[in-house]
Amino acid sequence: MTRRHSGNAPRASAATPARRRLEEPIPLFGAHLSIAGGVHRAVERAREMAVDCLQLFLKSPSQWRFAALTDEEVARFRSRAAEADLAPLVGHASYLLNLAGPDGALYERSRVCALGEWDRAERLGLDYFVLHPGAHMGSGEAAGLARIALALDWLHAARPGRRCRILLETTAGAGTTMCGRMEHLRYLVQSCEAGARLGVAIDTCHLFAAGYDLRTAAAIDDTLGRLNDAVGLQRALVVHANDARGALGSGLDRHEHIGRGSIGRKAFRLLVHHPALARLPFILETPKHDARGREMDPVNLRMLRRLARSPAGRGQM
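Last residue of the sequence shown: 302 in our numbering, with the numbers rising by one and none dropped.
I should point out that these hints are in silico values taken from the structure, not numbers from a laboratory. Just so we're clear, the structure is a prediction, and the values are computed from it rather than from any experiment. All C-beta atoms in this analysis are idealised placements derived from N, C-alpha and C, irrespective of residue type, glycine included. Please note that the accuracy of each hint is not assured.
Restraint ranges, calculated between C-beta atoms of paired labels, are given here [claimed, not checked]:
1. Leu237 to Ala127: 22 to 32 Å
2. Gly23 to Gly278: 37 to 47 Å
3. Gly110 to Ala35: 19 to 29 Å
4. Pro87 to Ser45: 43 to 53 Å
Lysine to any residue pairs mimicking SDA-like chemistry, simulated, CA-CA at most 25 Å apart [claimed, not checked]:
5. Lys44 to Ile11
6. Lys251 to Asp238
7. Lys273 to Ala35
8. Lys251 to Arg264
9. Lys251 to Ala293
Model the full assembly from the supplied sequences, consistent with the hints where possible.
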């Protein structure tokens, strides 16, 4: 997290995330924010919400087309992100990508699109680029994993020495979706030539939907222990903090507001206090509004911070 201050950090103004991190040793909290109006607007929205870190799309997530990103826009984003002292900065890949499927044309389009988005993440100075690995579409897990590994190696071969790291996101595991099991992550890390560079983004809703319980300290220790056995906890670099609408093991990828879903408030109190996660960024991907139209990112952020300040039993890892 390159923008985090070191010994001279006290010079940061009282309004900056750096100052808040010095004065209150709780996890970093942020949100996935809109780039409507330009990528720099995500930073402005982050400052308005007083978050510590930020996630954003690199382009429209539902279109293959890349709108122009000028050098002026890049400079404006970098300047405002530096002023805001946000860390880490995280890019999220488009939903259209499928690096696991047997459709050759879609596979090629997906990896080229992923490369273009990763290029943007690097230009903008982002720390991480989060990828959904995709679905094998009935061709089998082994074939799907092999395709993902080939795509990841192709990406890294095309851009050697890149600072922005690719993170594989844990998924809910519904249907033929890959990386709903820790074994999938292990295979990719071990089989990719670029495996040493790969990280993981933990999505709490996805883990729960895939059957990994998080509702007690023992359950969290067990789930994180499985992740540690699979790839090493040091690869977990981002937490997507989402409650879940579905039941444990349901495979339902539906995010809910913090404390209002099946995972529950107690679990998030345990998660933000867990020593294996305490220094990671917790980034909201929860619904933007409630049933009455109220903006919910500030509400969910307040909830996470309140839980982080409250006492909690800690895991044993």
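The hints, checked one at a time:
| no. | hint | verdict |
| --- | --- | --- |
| 1 | Leu237 to Ala127: 22 to 32 Å | holds, 26 Å |
| 2 | Gly23 to Gly278: 37 to 47 Å | violated, 25 Å |
| 3 | Gly110 to Ala35: 19 to 29 Å | holds, 21 Å |
| 4 | Pro87 to Ser45: 43 to 53 Å | violated, 26 Å |
| 5 | Lys44 to Ile11 | violated, 31 Å |
| 6 | Lys251 to Asp238 | holds, 21 Å |
| 7 | Lys273 to Ala35 | holds, 16 Å |
| 8 | Lys251 to Arg264 | holds, 19 Å |
| 9 | Lys251 to Ala293 | holds, 11 Å |
In summary, the structure is inconsistent with hints 2, 4, 5 from the numbered list given earlier, while agreeing with the others.
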